[in-house]
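Chains as they are written, first to last, in the working numbering: chain A, 1 to 111; chain Y, 1 to 116.
By construction, these hints were calculated from the structure, which means they are not laboratory data.
For glycine and all other residues, C-beta sits at the position ideal for the given N, C-alpha and C.
Treat the hints with care, since some could be wrong.
[Said to hold, decoys possible] To give an idea of the chain Y side of the interface with chain A (calculated C-beta under 7 Å), a few residues: (1) Val3; (2) Thr32; (3) Ser43; (4) Leu44; (5) Ser89; (6) Arg97; (7) Pro104; (8) Gln105; (9) Phe107; (10) Gly108; (11) Asp109; (12) Gly110.
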Amino acid sequence: GQQLNQSPQSMFIQEGEDVSMNCTSSSIFNTWLWYKQDPGEGPVLLIALYKAGELTSNGRLTAQFGITRKDSFLNISASIPSDVGIYFCAGQLYNTGKLIFGQGTTLQVKP
Amino acid sequence: GAVVSQHPSWVICKSGTSVKIECRSLDFQATTMFWYRQFPKQSLMLMATSNEGSKATYEQGVEKDKFLINHASLTLSTLTVTSAHPEDSSFYICSAREPGSNQPQHFGDGTRLSIL
Chain A
1 GQQLNQSPQS MFIQEGEDVS MNCTSSSIFN TWLWYKQDPG EGPVLLIALY
51 KAGELTSNGR LTAQFGITRK DSFLNISASI PSDVGIYFCA GQLYNTGKLI
101 FGQGTTLQVK P
Chain Y
1 GAVVSQHPSW VICKSGTSVK IECRSLDFQA TTMFWYRQFP KQSLMLMATS
51 NEGSKATYEQ GVEKDKFLIN HASLTLSTLT VTSAHPEDSS FYICSAREPG
101 SNQPQHFGDG TRLSIL
């Protein structure tokens, strides 16, 4: 089946540092989504990408939809302790709306 | 906008009990809702797609008689875990999409189910 490869699996950084994570796929997606999940809660949508090459920002977060439509990255600038959590990329299938998730990146920020 | 409410957030019950979980879209109508299961330190696993007014579509390996899904209105889908056993203990999460192509899924806060 379709899979997304997300890396890195985990990151432990100092507060104030920038963070970058990415996802690659063997299949093309029309929509890429980035979610954040805090412990014991559901994922929260951070950024949605709809066009190849699109670069979108949401505060300190920036994400890009790769030109080939097979990859995406998420950058977090000047990290703060509340950025801690698990970040998931997801490709959305156009016909069914189903999401194919990456394995997640666990981010820990040291104050 | 696009708020999804899931209830209850936490359930503990005895083996053999049936448990119902509700998923509501509070400020939009959702013709399609999704049900996921998540094990610790793992990604979300899609169980089924819930379509308003029709039967749910289950993913391969998910028992439809075990996990009953009803999507009776444009704002409510329910998942009933029938005759639950300890191996059904997990974190169950629903999501809903706003109408229109390419609309993203918005997730509820999940239900922690513990079967004793």
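Results of checking the hints against the structure:
no., hint, verdict
1, Val3, "violated (11 Å)"
2, Thr32, "holds (6 Å)"
3, Ser43, "holds (5 Å)"
4, Leu44, "holds (6 Å)"
5, Ser89, "violated (14 Å)"
6, Arg97, "holds (6 Å)"
7, Pro104, "holds (5 Å)"
8, Gln105, "holds (6 Å)"
9, Phe107, "holds (4 Å)"
10, Gly108, "holds (5 Å)"
11, Asp109, "holds (5 Å)"
12, Gly110, "holds (5 Å)"
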